[in-house]
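Starting from the given sequences, assemble the full structure and let the hints guide the process.
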Amino acid sequence: MRPPPFTPSSANPSNNSRLSPHPLLTFTSTLLTILLVVVLLTPSPTSAHGYLLHPPSRAAGPATLSACGKPITDAILRDNTSHIEGLPELSLQSNSGFDPALCNLWLCRGLQFGDNRAAGQVQAWRPGQVVGVKVKITIPHDGSANVSVVDARENRVVGEMLRYWGQGYANEREFFEGSAARNQTEFNVTVPEDLGGRCARAGDCVLQWWWYGKGARQTYESCVDFVVVPDAGGGGVDAHPEEHFWWRRWFGSTVTQPILTESRHMSNLDTVPPTYDHRYWKTRDPVRSPIDKSVIARLVLGWVTTGESLVLYVFFAVFASSFWVARVSRTTPTSPSLINF
1 MRPPPFTPSS ANPSNNSRLS PHPLLTFTST LLTILLVVVL LTPSPTSAHG
51 YLLHPPSRAA GPATLSACGK PITDAILRDN TSHIEGLPEL SLQSNSGFDP
101 ALCNLWLCRG LQFGDNRAAG QVQAWRPGQV VGVKVKITIP HDGSANVSVV
151 DARENRVVGE MLRYWGQGYA NEREFFEGSA ARNQTEFNVT VPEDLGGRCA
201 RAGDCVLQWW WYGKGARQTY ESCVDFVVVP DAGGGGVDAH PEEHFWWRRW
251 FGSTVTQPIL TESRHMSNLD TVPPTYDHRY WKTRDPVRSP IDKSVIARLV
301 LGWVTTGESL VLYVFFAVFA SSFWVARVSR TTPTSPSLIN F
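According to UniProt numbering, the residues represented by the sequence shown are 1 to 341, in order.
Everything labelled a hint here was simulated from the structure, so no lab data went into it.
This structure is a prediction, so every number in the text was calculated from the model and none was measured.
Just so you know, even glycine gets a beta-carbon here, dropped at the ideal spot from N, CA and C.
One thing to keep in mind: the hints can contain errors.
[Stated by the list, open to error] Straight-line alpha carbon distances no greater than 27 Å define the calculated DSSO-like cross-link-like pairs of lysine-lysine that follow:
#: 1; residue 1: LYS134; residue 2: LYS214
#: 2; residue 1: LYS136; residue 2: LYS70
#: 3; residue 1: LYS136; residue 2: LYS214
[Claimed, not checked] Okay, the calculated beta carbon distance ranges per label pair:
#: 4; residue 1: SER144; residue 2: GLY120; range: 25 to 35 Å
#: 5; residue 1: TYR164; residue 2: SER94; range: 25 to 35 Å
#: 6; residue 1: TRP106; residue 2: GLY168; range: 23 to 33 Å
#: 7; residue 1: SER94; residue 2: VAL130; range: 46 to 56 Å
#: 8; residue 1: PHE176; residue 2: ASN95; range: 22 to 32 Å
#: 9; residue 1: ASN155; residue 2: ARG217; range: 16 to 26 Å
#: 10; residue 1: VAL130; residue 2: LYS70; range: 21 to 31 Å
Structure follows, in structure tokens:
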């Protein structure tokens, strides 16, 4: 009588019934997980765009809270690069505290002179003085921009624009390729010599950086408070030409030279202090240039922003497709050979 078939233990279906996931499914799952983690752990695309980094610009404080209300002030404190179009709806909230007579959102995003005065950041410049300017852009939107002297009482540009980019400013492709023109974020302006007494009193004039992203339909503004002092008065000195600023590029550079500016700020609105004490004196550029996790996160956010979340949809589609392929291509264990004695 022939003995019953013998099945080797290594081929026992109970010991080897689980199959490894399909390689395509594993790869796609890992890629999708990384993307979702980066997106979830970084600010939303609408919460980072750009602002004037130097000279120091207006920031939200008690005066802004009193004029614009808590919702708007909190929004700006959370994100100093927020666009203007997202703020008016906050003023409609119940008990928002918004005062339209005091808070003009289309002038410096509503940020108040009183906060800048309290921080001692009113600049004192001479007619004809060259002022170094640095803009920080974190998420680009192709559009136009200008830098101008604005009469803060009338919200009107005084004279000619000091800098103007009619098109192609902060172009998305150039930004992420690292080929954007350097003079979009690092440049000089010259204090007009024909202002007369228009900007002699602190709070009357601002140097305003204005940027409109035409695709996103979003406006960004950042303002520097300044006064013009007579040339003989020894006003603020910020006359290093552009090539003398050791500012690092946004990507790829490892230069660590300090920014040496000598711009004077006003500690008293009635008189120019005899000595300067500028907060940027002998300090390093606060913008970090090495390619690291934060840069990668910004790249991902840029793709999501410019593609209107198309990237996420594509990855979900790839994930679903790979899952289906893995299911179809999954093979069943081959029946073990029978060993006859």
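Notebook entry, point to check: Hint by hint, which ones does the structure fall short of?
Noted result: 5, 8 and 10
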